[in-house]
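Enquirer: Below are the chains, spelled out letter by letter.
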Amino acid sequence: MSADSSDYVLETQNLIKEFKGFTAVDDVNLKVQRGHIHALIGPNGAGKTTVFNLLTKFLTPTSGRILYNGDDITSMKSAAIARKGVVRSFQISAVFPHLSVLENVRVALQRKEGNSFHFWRHESVLDNLNDRAVELLDSVGLADFADATTVDLSYGRKRALEIATTLALEPELMLLDEPTQGMGHEDVDVVANLIKKVSKDRTILMVEHNLHVVSKLADQITVLQRGAILTEGTYEKVSADPRVKEAYLGVAADESEEAA
Amino acid sequence: MKISKFNIALVGLGLVAPLVLYPVFLMKVLCFALFASAFNLLLGFVGLLSFGHAVFLGTGGYITGYLMMNTGITPELGILAGTAAAAILGAVYGKLAVKREGIYFAMVTLALAQLMFFVYLQAPFTGGEDGLQGVPRGELFGFIDLSDNMNMYYFVFAIFLAGFWLINRTVHSPFGQVLKAIRENEARATSLGYNVNDYKWVAFVISAALAGMAGSTKTLVFQLASLTDVHWHMSGEVVLMTLLGGMGTIFGPFVGAATIVSIQNFLSGGELGNYIHIIMGIIFIVCVLAFRSGIVGEIQKVIKRNFS
Ligand SMILES: Nc1ncnc2c1ncn2[C@@H]1O[C@H](COP(=O)(O)OP(=O)(O)OP(=O)(O)O)[C@@H](O)[C@H]1O
Ligand SMILES: [Mg+2]
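Note that the protein sequences, when read in sequence, are chains A and B. With the UniProt record's numbering as the guide, the letters of the first sequence map in order to residues 1 to 260. With the UniProt record's numbering as the guide, the letters of the second sequence map in order to residues 1 to 308.
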């Protein structure tokens, strides 16, 4: 009963990344189903971020193919992949710290306006995007902070801002690298709910260490270990797998203690 | 509104300044202020440290000097030609440099600038070690005699205002927003779909063109185009001016340039003239260690702390 290939937004075929003889990503065949929240989990150094870097061409694969909606995007450049609708976030919060919160979102909205090379026009031509920007900020609970300088936001709010900025591009596929990392419990819940909310009408591939979040959000889970896929399936299936417990859960238990 | 009143006051000051101060000194300040502001567009607003910006200053100067001496063109066209030449060189050099990041960008710009330095040293039209001397200032639009220092001053002031306006506008344009995003977080700007190198390149060309315009103007003022303007010392000096005044601020480069030019003028008359490089070096060190935001940056901090 395999699904038709058009059900997959993203597919990798024998994806391999080697760093000087060390294989960080080892023959990964990943299939991300349309509309899913798909979690990529695994211990530290398993290669999760490297997979994201390959998917968005921040790194070039050693071999293998990447298909997006059936199109081979393996040779496309980062910015072009983003324009196609695959937008990523980063493990370390990726905001523009000395722009205002509003400007952070607006710079994402701005691209489609086609005036991004207009150096002779005043930036007030961008003001027509302000309403939409505030709307997006509102959707992540940041409308009151629109005029704040981003560097002054709390960590949790920065991550929320990142999501708003990503949403501004209306991506078909969102790649989130540990969106709740380093957050207190309250912020974790806020961001998890936010991800749930924005997952309507789009597909999300996320790296997440917090298994509570994974269990709550993920429709499908892929477990990575030493660059290779260990197992895949629903949370119930994956969490019952003894190999996963051995490879991952021990590490996760240590981690959550550290975070607490 | 406050800002524009402030700007009007500054323009007014610029208009009356030559009645009080020596016009040639003021013109020198304006030329270097334009040069430093152009440089700051890259360093302060894109985060790119070019260590070869003298090549654009010098190129503008040589082209304008050569044309003024050997063809009968009017000075405004001479300056336009010098600016265009620097823009073209900037387009080529920028293409090569923006692919590199951080210190490699600085190294590539330095290497490319040195390349042109040797070309200008050997090329027949530059006058080699002597440079181009006695460049005529000509008549603006064919009828305003620029050998008159007052006329020349107002011409230079107008050029400065135009260049300064363009830089300011670029910073506060839709394009400038993207530049700032790139400065703040390049990977994120890429992930939002921006081809960051294209934006860096356009900024580089604008910066090179305006540096060239400063050089062209300077050549007319001093009636001289020489290797000094393409030397790497000059590339270092513009870094110093920008850091001293405050990189990433609109008025910082102006203040930095005015300060450095004043110090140089002051020292060159007296006995301390021999130690000028040492003194500049000390200023540089103090600036980097003690007040990193530069003069304007520090003032802005004080204002922010006390009035907001
Ligand atoms: N640019 C690089 N050059 C060399 N080795 C790298 C590079 N990037 C990642 N690696 C290595 O590849 C392995 C996988 O790293 P990666 O960052 O993908 O792990 P991860 O699963 O995201 O881990 P974490 O949970 O800590 O974020 C690590 O051993 C890392 O040291
Ligand atoms: Mg990682």
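The hints are simulated quantities; they were obtained by calculation from the structure and are not laboratory data. Please note that the accuracy of each hint is not assured.
[Said to hold, decoys possible] Simulated pairs of lysine-lysine, DSSO-like, Cα-Cα distance not exceeding 30 Å: (1) A/Lys200 / B/Lys304; (2) A/Lys20 / B/Lys304; (3) B/Lys5 / A/Lys84; (4) B/Lys304 / A/Lys112; (5) B/Lys304 / A/Lys77; (6) B/Lys95 / A/Lys158; (7) A/Lys197 / A/Lys158.
[What the hints assert, rightly or not] Okay, the calculated beta carbon distance ranges per label pair: (8) A/His122 / B/Ala111: 49 to 55 Å; (9) B/Gly269 / A/Ile92: 51 to 57 Å; (10) A/Ser139 / B/Gly281: 28 to 34 Å; (11) A/Lys237 / B/Glu101: 42 to 48 Å; (12) B/Ser4 / A/Arg65: 54 to 60 Å; (13) A/Ser100 / B/Leu13: 42 to 48 Å; (14) B/His233 / A/Ile92: 35 to 41 Å.
Ideal Cβ placement from N, Cα and C applies to all residues, glycine included.
Enquirer: Now, for every hint given, state plainly whether the structure supports it.
Expert: Structure-based check of each hint:
1. Distance restraint check for A/Lys200 and B/Lys304: the Cα-Cα separation of roughly 43 Å exceeds the 30 Å cut-off, and the hinted pair is therefore not satisfied.
2. Using a Cα cut-off of 30 Å, the hinted pair A/Lys20 and B/Lys304 is violated, with the two alpha carbons roughly 50 Å apart.
3. For a cut-off of 30 Å, the pair hint linking B/Lys5 to A/Lys84 is broken: about 46 Å separates their Cα positions.
4. With a C-alpha separation of about 35 Å, the suggested pairing of B/Lys304 with A/Lys112 is violated against the 30 Å cut-off.
5. A C-alpha spacing of about 42 Å is found between B/Lys304 and A/Lys77, which places the hinted pair above 30 Å, so the restraint is violated.
6. At roughly 34 Å between alpha-carbon atoms, B/Lys95 and A/Lys158 are farther apart than 30 Å, so this suggested pair is violated.
7. Pair hint A/Lys197 plus A/Lys158 holds up; C-alpha atoms about 18 Å apart against a cutoff of 30 Å.
8. At about 37 Å, the CB distance of A/His122 to B/Ala111 disagrees with the hint of 49 to 55 Å.
9. Between B/Gly269 and A/Ile92 the beta carbons are some 54 Å apart, a value that agrees with the proposed interval 51 to 57 Å.
10. Between A/Ser139 and B/Gly281, the C-beta spacing of about 54 Å breaks the proposed range 28 to 34 Å.
11. The given range of 42 to 48 Å is respected by A/Lys237 and B/Glu101, whose C-beta atoms sit roughly 44 Å from each other.
12. About 57 Å separates the C-beta atoms of B/Ser4 and A/Arg65, a value consistent with the hinted range of 54 to 60 Å.
13. For the hinted restraint 42 to 48 Å between A/Ser100 and B/Leu13, the CB-CB distance of approximately 32 Å leaves it violated.
14. Checked against the hint of 35 to 41 Å, the pair B/His233 and A/Ile92 passes, with Cβ atoms roughly 39 Å apart.
Hints 1, 2, 3, 4, 5, 6, 8, 10 and 13, counting from the list given before, are not met by this structure.
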